[in-house]
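Turn these sequences into a full structure, and let the hints steer you where they fit.
2 protein chains.
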Amino acid sequence: MELPKGFLLSTAEAAIKKPGRKDMALIYSEADAAVAGVFTTNKIKGAPVKLDIERIRSGRGRAIIANSGNANVCTGPQGMMDASEMAALCAGGLGISEELVYIASTGVIGSPLPMDRMRPAIKTLAANIGKSNLEDCARGIMTTDTFPKFGTKKIRLSGKEVRLAGVAKGSGMIHPNMATMLSFIMTDAAIDKNTLKKLLKASAEKSFNRVTVDGDTSTSDTLLIMANGLAKNVPLKEGTADYEKFRSALDSVTFELARMIARDGEGATKLIQVVVKGAKSEKDALKGAFAIAHSPLVKTAIYGNDSNWGRIMAAIGYAGIDVDESRVDIFLEKVKLVKKGRPNGKDEEANLVLRNRSEVTLTVNLNLGSSAERVLTCDLSENYVKINAEYRT
Amino acid sequence: MELPKGFLLSTAEAAIKKPGRKDMALIYSEADAAVAGVFTTNKIKGAPVKLDIERIRSGRGRAIIANSGNANVCTGPQGMMDASEMAALCAGGLGISEELVYIASTGVIGSPLPMDRMRPAIKTLAANIGKSNLEDCARGIMTTDTFPKFGTKKIRLSGKEVRLAGVAKGSGMIHPNMATMLSFIMTDAAIDKNTLKKLLKASAEKSFNRVTVDGDTSTSDTLLIMANGLAKNVPLKEGTADYEKFRSALDSVTFELARMIARDGEGATKLIQVVVKGAKSEKDALKGAFAIAHSPLVKTAIYGNDSNWGRIMAAIGYAGIDVDESRVDIFLEKVKLVKKGRPNGKDEEANLVLRNRSEVTLTVNLNLGSSAERVLTCDLSENYVKINAEYRT
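Residue numbers (my numbering), protein chains in the order written: chain H, 1 to 393; chain E, 1 to 393.
Calculated directly from the structure, the hints in this document are not laboratory data.
Some hints could be false.
Which copy is meant is left open, so a pair is good if it fits within one copy or across any two.
Derived lysine to aspartate or glutamate pairs resembling DMTMM-like cross-links, with alpha carbons at most 20 Å apart [what the hints assert, rightly or not]:
(1) Lys193 x Asp242
(2) Lys50 x Glu348
(3) Lys18 x Asp306
(4) Lys43 x Asp322
(5) Lys336 x Glu99
(6) Lys193 x Glu333
(7) Lys17 x Glu348
(8) Lys43 x Glu282
(9) Lys17 x Asp306
(10) Lys43 x Asp324
(11) Lys50 x Asp322
(12) Lys18 x Asp136
(13) Lys17 x Asp329
(14) Lys131 x Glu13
(15) Lys43 x Glu325
(16) Lys43 x Asp329
(17) Lys50 x Glu325
(18) Lys50 x Glu85
(19) Lys287 x Asp329
(20) Lys43 x Asp136
(21) Lys50 x Asp324
(22) Lys17 x Asp347
(23) Lys346 x Glu390
Since this is a predicted model, take the numbers as computed values, not measurements.
Here it is, written out as structure tokens:
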């Protein structure tokens, strides 16, 4: 798995929450890169998010340093100082300006960062730059994730090979407008910062913002992209075929990462794709899909391999969208559970499908219009409760 | 526990879902009563709800017949016929007009009612009228409830003793604008139907509509009150001291029932009272309180006896309300966890409180204004998942 040109990675152990695993990661671009970001909409934001939002106005960057185990949120002026120091130490180690370093922290809220343990680890990160691969980097930012999330894509633009690579972490507090979701995308494409920003925002909308695990929106969500231009393609311009090709590649990387996040929702045993179509508007389709995807009753039923479509019906009914009960069709995969608002006698068949699959698609056709939307979520198991009841202890 | 004058109760077993328990209940008033109701806001409504909404226009009634085990929802024209037949059979047995009978069903969605088993049970209900007490009646409408929910209140109005009695059932799919929540209130107060309707609506707003278990709003929520005037008080008029006395008695009955519903949320081990105060507006206070009460992360933390206030902070942050991080205070009972947005070093003390209590109050002071609201919910345990994953099997 080749990284985009000019990108180097490293990881280190700072024992932030506990020892025994890599809990810091560094992404470094040898050349100055255009940078764009999407951040949490939560009004209470972590210090790293505040710092990044300031810095990203320049649209330029060279490095992203991230840690797991501590989110540096609700930590007051000390938190802001620690965030700045993280970036400054990293910049010092790499020999670059600290304004070009972005940071991301995830984990417990309200505890100051253990800077005494992090300072030497940041030096190690800089010293070891290039010694880690994409998977190591993905592991370095994991919290309750059960597997590392990363992906790559290669395309040709104006005769040049252009690569994209991304890492992400979930896996609880996942909700549209993101949630403790970190994702960093690297590309060697040549593209100006404004075009990059526009593409990233649209891409996040259709990927990370279509994922929900538990409806909680975190204080730390951060999605960053760095494009260093080392592929030497003709700089991308909107409306060209190359632009579309790049957009499609970026969308496939972000969607694949988002899918992994849903797949790895805390305690999840199944990935659920919820499709609402035949809606009067896209807004209705999306609200309907999220109502279903948020319903703990739907999610526990899927966990129990029970095609309890009554709960899906109820969710559509309270979604606040236009719905006519007598027109609703509901499918689990290709099995039609509900026909014109009435049971279709296929529950057992659907239960069998549920028992045999780890990924399922629920489709609701409202038969009222032509708009459709898709949302990703996961089932809700006893393990979600266990993980979150015991998280700090 | 004396019932209000002129009210008689009975219960019967129709083995609707399974045999071995009373699953039908009848409330009968010997005198014509004023009736008011509040029903689910879900756009998909059960047949019983549709029928009640039609009938309640008259503001009059004599009986309420209810069953558990089957909600008679998404059952099409057959469902409407079954609902009518339930009421008609009941009216026949009691010798009253069928227009004066209200019905309520709760349980599985999408299966036709087992009318063959229910017809004889309805006859039994009518024949045995007066043979059951309030607790029996509360048991007859239980689904996954673990204890029967009922309460009474006695007051004096214009020299007459006036009684109120109520039953309710929870316990999942509980959400504002109600949720599979049934509650029936009886009173012998003399009060006209319009005044009764106004009082009931306001009372529901501060009780049942302040309870959330899982954020799901059911298709069957029904709150009904019957006032038969047999106490012979001077008919209640707004603005009088008696009116206020009655209002306060009604509010205490509905609040107590709502509290029991939250206490008995599926799988709950703790009742959680969430108070948001110091808000700029009541709307903000309520949105903030519901954001906290809906958060699976907050609810699992409480279940784990972990005063994880970071999750409370995050919930306030995404609630979509005015919040200034540096002003927020958070309390668990009297323990101040957060002071001006920063940790107050009392987490262990709070955890001890959590370990020793089955009811806790979380208070957030936004320190931005003078509005406050209160919401009731419960913690989220593995048992919630278990109950809902296995509900139909």
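Structure-based check of all given hints:
no. : hint            : result
1   : Lys193 x Asp242 : within (17 Å within a copy, 70 Å between copies)
2   : Lys50 x Glu348  : neither (51 Å within a copy, 30 Å between copies)
3   : Lys18 x Asp306  : between (39 Å within a copy, 19 Å between copies)
4   : Lys43 x Asp322  : between (31 Å within a copy, 9 Å between copies)
5   : Lys336 x Glu99  : neither (56 Å within a copy, 38 Å between copies)
6   : Lys193 x Glu333 : neither (41 Å within a copy, 50 Å between copies)
7   : Lys17 x Glu348  : between (46 Å within a copy, 18 Å between copies)
8   : Lys43 x Glu282  : between (26 Å within a copy, 19 Å between copies)
9   : Lys17 x Asp306  : between (38 Å within a copy, 17 Å between copies)
10  : Lys43 x Asp324  : between (37 Å within a copy, 8 Å between copies)
11  : Lys50 x Asp322  : between (39 Å within a copy, 18 Å between copies)
12  : Lys18 x Asp136  : within (18 Å within a copy, 54 Å between copies)
13  : Lys17 x Asp329  : neither (48 Å within a copy, 26 Å between copies)
14  : Lys131 x Glu13  : within (14 Å within a copy, 72 Å between copies)
15  : Lys43 x Glu325  : between (38 Å within a copy, 8 Å between copies)
16  : Lys43 x Asp329  : between (39 Å within a copy, 16 Å between copies)
17  : Lys50 x Glu325  : between (46 Å within a copy, 13 Å between copies)
18  : Lys50 x Glu85   : within (14 Å within a copy, 63 Å between copies)
19  : Lys287 x Asp329 : within (17 Å within a copy, 33 Å between copies)
20  : Lys43 x Asp136  : neither (32 Å within a copy, 49 Å between copies)
21  : Lys50 x Asp324  : between (45 Å within a copy, 14 Å between copies)
22  : Lys17 x Asp347  : between (46 Å within a copy, 17 Å between copies)
23  : Lys346 x Glu390 : between (39 Å within a copy, 18 Å between copies)
The structure is inconsistent with the numbered hints 2, 5, 6, 13, 20, although it conforms to all the rest.
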